[in-house]
Amino acid sequence: MHYTAHLVACSQRTQVGIIVETGEAREVHHFCLMTGFGADAINPYLAFEALWQARRDNMIDIKSDDAIVAAYRKGVGKGMLKVMAKMGISTLESYKGAQIFEAVGLAQAVMDKCFFKTASRIDGVGFDTLQSEGEKRHQLAYHSETLDNLGQYHCVVVAKLICGIQQPLPICNWLLATMTNLLIGHLPNTPMSRALAIQPYATDEL
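In this text, residue positions in the sequence shown follow the working numbering: the first is 1, and each later residue adds one.
Hints listed in this document are in silico derivations from the structure and should not be mistaken for laboratory results.
Since the structure is predicted, the reported quantities are computational estimates derived from the model, not experimental observations.
A hint or two may mislead.
In the BS3-like style, the derived pairs of lysine-lysine whose C-alpha atoms are separated by at most 27 Å in a straight line are [stated by the list, open to error]:
id, residue 1, residue 2
1, Lys82, Lys117
2, Lys96, Lys63
3, Lys86, Lys117
4, Lys74, Lys96
5, Lys113, Lys96
6, Lys82, Lys96
7, Lys86, Lys96
8, Lys74, Lys86
9, Lys74, Lys63
10, Lys78, Lys96
11, Lys136, Lys113
12, Lys63, Lys78
Simulated restraints on C-beta separations [to be verified]:
id, residue 1, residue 2, range
13, Ile60, Val8, 14 to 24 Å
14, Ala71, Asp128, 37 to 47 Å
15, Glu49, His29, 19 to 29 Å
16, Leu46, Thr91, 34 to 44 Å
17, Cys10, Glu145, 24 to 34 Å
18, Ser144, Met87, 40 to 50 Å
19, Thr146, Leu92, 33 to 43 Å
20, Ser90, Gln131, 35 to 45 Å
Idealized CB from N, CA, C, for every residue including glycine.
Please work from the sequences and hints to get the whole structure.
See the structure below:
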């Protein structure tokens with residue numbers, strides 16, 4: 001964003017294309033942020049490498065690396081169009097560099113340097129903290145062959161379990177499943193009146 005603001009101030013923005021090569025871009029929101037702050041093209045090389053490795057490990061049933069890239073680009077593109085549509089934006093040119101986001105948890109020094117004229121109501125971390133966080137993540141990538149699970153993504157490979165979770169079930173089944181560690185689909189349905197021991201009365205007795 002700092003480069004975009006500088007190019008706009010120098011009346012050179014339309015003469016320069018900004019290409020971002022990053023390993024951070026993984027989700028649709030990441031691409032939306034980078035595009036919204038002025039990126040003309042994004043190369044998510046780490047996402048591609050992870051998908052290619054998943055294909056080599058037989059985790060993805062796609063024939064070639066090019067097909068994986070095409071499917072990934074299609075998914076990201078459809079996701080970005082959905083975000084733009086919710087905001088009432090119909091063209092990419094209207095979205096790119098529009099700065100329609102609000103920062104949360106960044107110090108004012110970071111905002112002034114990297115996100116010029118972007119709203120930020122809550123102050124937060126500065127460059128020192130951002131640097132230390134980056135160094136920690138770098139160390140996690142090299143201290144062992146197995147990466148730590150930070151809880152951001154979960155892989156569920158049992159199709160029947162996914163179908164069972166997505167089907168609508170009474171809330172009591174969910175509560176019983178968490179307390180008794182039983183499969184949700186095997187729990188009987190219980191009417192709320194029976195669960196609360198409520199005795200029905202005839203209307204003429206009221």
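Results for each hint:
1. A C-alpha spacing of about 26 Å is found between Lys82 and Lys117, which places the hinted pair at or below 27 Å, so the restraint holds.
2. A C-alpha spacing of about 34 Å is found between Lys96 and Lys63, which places the hinted pair above 27 Å, so the restraint is violated.
3. For the proposed pair Lys86 and Lys117, the alpha carbon gap of about 23 Å is at most 27 Å, so the pair holds.
4. Straight-line distance between C-alpha atoms of Lys74 and Lys96 comes to about 19 Å, which keeps the hinted pair within the 27 Å bound.
5. For the suggested pair Lys113 and Lys96, the alpha carbons sit about 20 Å apart, so the restraint of at most 27 Å is met.
6. A threshold of 27 Å between alpha carbons decides the hint, and for Lys82 with Lys96 the separation of about 15 Å falls inside it, so the pair holds.
7. Of the supplied pair hints, the one linking Lys86 and Lys96 holds, its CA atoms being roughly 15 Å apart against a limit of 27 Å.
8. About 19 Å separates the Cα atoms of Lys74 and Lys86, which keeps this hinted pair within 27 Å; it holds.
9. Straight-line distance between C-alpha atoms of Lys74 and Lys63 comes to about 17 Å, which keeps the hinted pair within the 27 Å bound.
10. For the hint pairing Lys78 with Lys96, the CA-to-CA distance comes to about 16 Å; that is within 27 Å, so the pair holds.
11. Of the supplied pair hints, the one linking Lys136 and Lys113 holds, its CA atoms being roughly 23 Å apart against a limit of 27 Å.
12. For the given pair, Lys63 sits about 22 Å from Lys78 by alpha-carbon distance, which is consistent with the 27 Å threshold.
13. At roughly 41 Å, the beta-carbon separation of Ile60 and Val8 lies outside the given 14 to 24 Å, and the hint is violated.
14. A hinted range of 37 to 47 Å holds for the C-beta pair Ala71 and Asp128, which are about 40 Å apart.
15. For the hinted restraint 19 to 29 Å between Glu49 and His29, the CB-CB distance of approximately 20 Å keeps it satisfied.
16. Checked against the hint of 34 to 44 Å, the pair Leu46 and Thr91 fails, with Cβ atoms roughly 29 Å apart.
17. For the pair Cys10 and Glu145, the beta carbons lie near 48 Å from each other, so the given range of 24 to 34 Å is not met.
18. For Ser144 paired with Met87, a C-beta distance near 42 Å keeps the hint of 40 to 50 Å intact.
19. In this structure the supplied range 33 to 43 Å holds for Thr146 paired with Leu92, their Cβ-Cβ distance being about 40 Å.
20. Checked against the hint of 35 to 45 Å, the pair Ser90 and Gln131 passes, with Cβ atoms roughly 39 Å apart.
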